[in-house]
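Chains A and B, in that order, are what the protein sequence lines are.
The opening residue of the first sequence carries number 1 in the numbering used here; numbering runs sequentially from there.
The opening residue of the second sequence carries number 1001 in the numbering used here; numbering runs sequentially from there.
Heads up, some of the hints might be wrong.
[Said to hold, decoys possible] So the derived label-pair ranges between C-beta atoms look like this:
1. A/Ala-96 with B/Glu-1109: 25 to 35 Å
2. A/Gly-47 with B/Arg-1049: 23 to 33 Å
3. A/Thr-38 with B/Val-1058: 56 to 66 Å
Read the hints as simulated data drawn from the structure, not as lab findings.
Because the structure is a prediction, the values reported are computed rather than measured.
In this text, a Cβ means the ideal position worked out from N, Cα and C, and glycines have one as well.
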Amino acid sequence: MINKWCPVVLLATVLGAIPAAGQGFDIKRLDWLSQSATNTVDVTLDGALLQLAAKFLSADEPDEAKVKKLVTGLKGIYVRSFEFDKDNAYSESDVAGVRNLLRAPDWSRLAGIHSKRDGENAEIFLRTNHENGGLAIIVANPRQLTVVQILGKINLDELTELGGNLGIPKLDLEKSKTPAAKKEHE
Amino acid sequence: MSRLEDELKSALGRKEPGGDFVAQVMRRAGQPAPRRWSDELRMLFRPPRLQWVVATLVVGLIVPFGALEYRREREVRLQGQMAKEQLILAVRIAGSELRNVQQKIHRMETQ
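Isolated chain A, as found in the complex (with noise of 0.2 Å):
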């Protein structure tokens, strides 16, 4: 009786793991550096909650009223931000995990910026070959790592006047930065 059901569980499980079409890439794969990340931020919100928070947004707030134009085309949001508070924390290969995930046909790589003064890495993909469209963001410095995932028609004029736009309290993602790279800042 097992063996009779062994090979249709099997292929369940294999067709389970496999991303179905229009999907991004599993971002959860990083969750498990927040055990040795200081500050983790994790933002999981698609479906109905994405909905939900769509909701909740006022339109007579200017900066809230554009948050929710922006998101109206879109099928889900993933933010998986970790700082570290010593060099090196994570892998190259965690980094690569992921990259390896954005690959044509559905993902191209749209820009790409490597610093050897501070370490830090930055790519930005877009999901061309889908109806629906998708970016994603992976920035690597050596005491922090952000990964964002994009679902849907999203306009990137929109988002990156948003950027650092938004009445909230600035998260404090500077800390980590090299002295080199603050420097650079200034």
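With the hints as your guide, set chain B onto chain A.
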């Protein structure tokens, strides 16, 4: 006529009531009869009237249902507020990272 006859006539003769007689009777009629403790005790065990039974049932159903609905509504509102804050945070992080990359590319191009 003897004196006795006069006295009898006077005692049995018709007398007109006082002027406030009617008012006194009406007042007495309006007052409930004083209850005894045994009557009070008996009333406790009387079957309740139908309207009170209905009213009790309605209140008994409406109040818990209302409380449940209020609690559910509050939970949804709380969840919505938290989701909204997370969404704003996510948009802010995504936007600022995108802006940083754009600025760095621009800087590199101008150098």
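Taking the hints in turn, this is what the structure says about them:
{"no.": "1", "hint": "A/Ala-96 with B/Glu-1109: 25 to 35 Å", "result": "holds (27 Å)"}
{"no.": "2", "hint": "A/Gly-47 with B/Arg-1049: 23 to 33 Å", "result": "violated (53 Å)"}
{"no.": "3", "hint": "A/Thr-38 with B/Val-1058: 56 to 66 Å", "result": "holds (57 Å)"}
Hint 2 from the earlier list is the only one contradicted by this structure; the remaining hints agree with it.
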